[in-house]
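Construct the complete structure from the given sequences, taking the supplied hints into account.
Number of protein chains: 2
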Amino acid sequence: MKQLRPTESELEILGVLWEKGPSTVREVHDILSQTKDAGYTTTLKLMQIMHEKALLQRDTSSKTHVYTAAISQQKTQEQLVNKMIDTVFGGSASQLVMQALGHHQSSEEELEKIRQYLSAIEKQQKDNR
Amino acid sequence: MKQLRPTESELEILGVLWEKGPSTVREVHDILSQTKDAGYTTTLKLMQIMHEKALLQRDTSSKTHVYTAAISQQKTQEQLVNKMIDTVFGGSASQLVMQALGHHQSSEEELEKIRQYLSAIEKQQKDNR
DNA sequence: ATTCGTTTACGAAGATATTCGTACAATAAT
DNA sequence: ATTATTGTACGAATATCTTCGTAAACGAAT
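Residue numbers (the working numbering), protein chains in the order written: chain A, 26 to 154; chain B, 26 to 154.
Everything labelled a hint here was simulated from the structure, so no lab data went into it.
Just so you know, not all the hints are guaranteed correct.
Just so you know, same-sequence chains aren't split out, so a pair can sit in one copy or run between any two.
Within a straight-line C-alpha distance of at most 30 Å, the following computed BS3-like cross-link-like pairs (lysine-lysine) qualify [said to hold, decoys possible]:
#1 Lys88 to Lys70
#2 Lys148 to Lys108
#3 Lys138 to Lys45
#4 Lys108 to Lys70
#5 Lys88 to Lys45
#6 Lys88 to Lys78
#7 Lys61 to Lys100
#8 Lys151 to Lys138
#9 Lys108 to Lys61
#10 Lys61 to Lys78
#11 Lys108 to Lys78
#12 Lys88 to Lys61
#13 Lys100 to Lys138
Quick look at the structure:
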């Protein structure tokens, strides 16, 4: 399987599409331009290139094309996280976890979800012994 | 404060230096070449550039220069994780946490550390109410 | 039908990252 | 002292990313 490597800008676009679902260039651009400073044609060009790279699918049946993420958020997260654990966190997942929990304000529900997840993992480990 | 952005290759080099401590180009290169395919002068050049960018310090007192990471692993982790949560995980830290726990085998001690960390956070949140 | 606003297509410039060849300096081996 | 080995410096080629100007296509409004 090929190693996909969305760039920084491409990830931002993917982020919007994962969040909003299928969207036009205009829609994506309007969202990005809230936090980023780039012209419309820049976003357009990026999305066209991403389509060539098969990172996005598009529907050209009407004049205004509609783009969809062609790679799953799940798979992308997986690859990026694993890469990051290896290079930046010296292979320790828990290091990353603590970093994530420490500096991003997490809601109570989120923490609860994590706790449940932890329990599930520990149970699983026990069963494997 | 300036936004530091080590590139992919630069992160790999930083990773080695964080792990091994001060090292020569040769030492770094030998480790990188186990997983990567690049010539010695490539690694050298990268490290020289990183020195110009103030990502690395170096000791040139002997012929063979010794390089040291000039930015902390901690700070770098912080920035990368926050960026990643925002773009790839839609702002949800717990999503990242679960991804990290799910696909990287974690030891029992690691899980224990995480649990303690969770408790500390929850206690803190309670106190703030 | 002409004009206006919106969109896509294309190309190219500018910026940044990556790679390596070659030359030169320092040290070690003979 | 000569030669071989190892390292640094430098420059340049290559690749990749990012940006945008301009032109053409399309549809809507007049």
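message = One pair to classify: lysine 148 and lysine 108, alpha carbons no more than 30 Å apart. Within, between, both, or neither?
response = Result: close within a single copy only, 27 Å intra versus 32 Å inter.
task = Up to 30 Å between alpha-carbons, please classify lysine 88 paired with lysine 45: within, between, both or neither.
result = For lysine 88 and lysine 45, only the intra-copy Cα distance (20 Å) is at most 30 Å; the inter-copy one is 56 Å.
key: Within, between, both or neither: lysine 151, lysine 138 at alpha-carbon 30 Å   = The answer is both: 20 Å in one copy and 17 Å across copies each meet 30 Å.
task = Tell me, please, which holds for lysine 100 and lysine 138 at an alpha-carbon limit of 30 Å: within, between, both or neither?
result = both (21 Å within a copy, 27 Å between copies)
query = With identical chains treated as interchangeable, where does the CA-CA distance between lysine 88 and lysine 70 reach 30 Å or less: within a copy, between copies, both, or neither?
reply = within (16 Å within a copy, 48 Å between copies)
key: Up to 30 Å CA-CA - lysine 61 versus lysine 88, copy category   = within (26 Å within a copy, 45 Å between copies)
inquiry  = My question is about lysine 108 and lysine 78: at a cut-off of 30 Å on alpha-carbon distance, are they close within one copy, between copies, both, or neither?
reply    = both (21 Å within a copy, 24 Å between copies)
Within, between, both or neither: lysine 61, lysine 78 at alpha-carbon 30 Å = Answer is both: 23 Å inside a copy and 24 Å across each meet the 30 Å cutoff.
ask   = Which holds for lysine 138 with lysine 45 at a C-alpha limit of 30 Å: within a copy, between copies, both or neither?
value = within (24 Å within a copy, 36 Å between copies)
message = With identical chains, the pair lysine 61 and lysine 100 could be close in the same copy or across copies; at 30 Å between alpha carbons, which is it: within, between, both, or neither?
response = both (26 Å within a copy, 23 Å between copies)
query = Between the shortest in-copy and the shortest cross-copy C-alpha distance, which are at most 30 Å for lysine 108 and lysine 61: within, between, both, or neither?
reply = Both. Shortest intra-copy (26 Å) and inter-copy (14 Å) distances satisfy the 30 Å Cα cut-off.
ask   = How would you label the pair lysine 88, lysine 78 (within, between, both, or neither) given a Cα cut-off of 30 Å?
value = For lysine 88 and lysine 78, the Cα distance is within 30 Å only inside one copy (22 Å; across copies 46 Å).
Comparing the model with each earlier hint shows no violations; every hint is respected.
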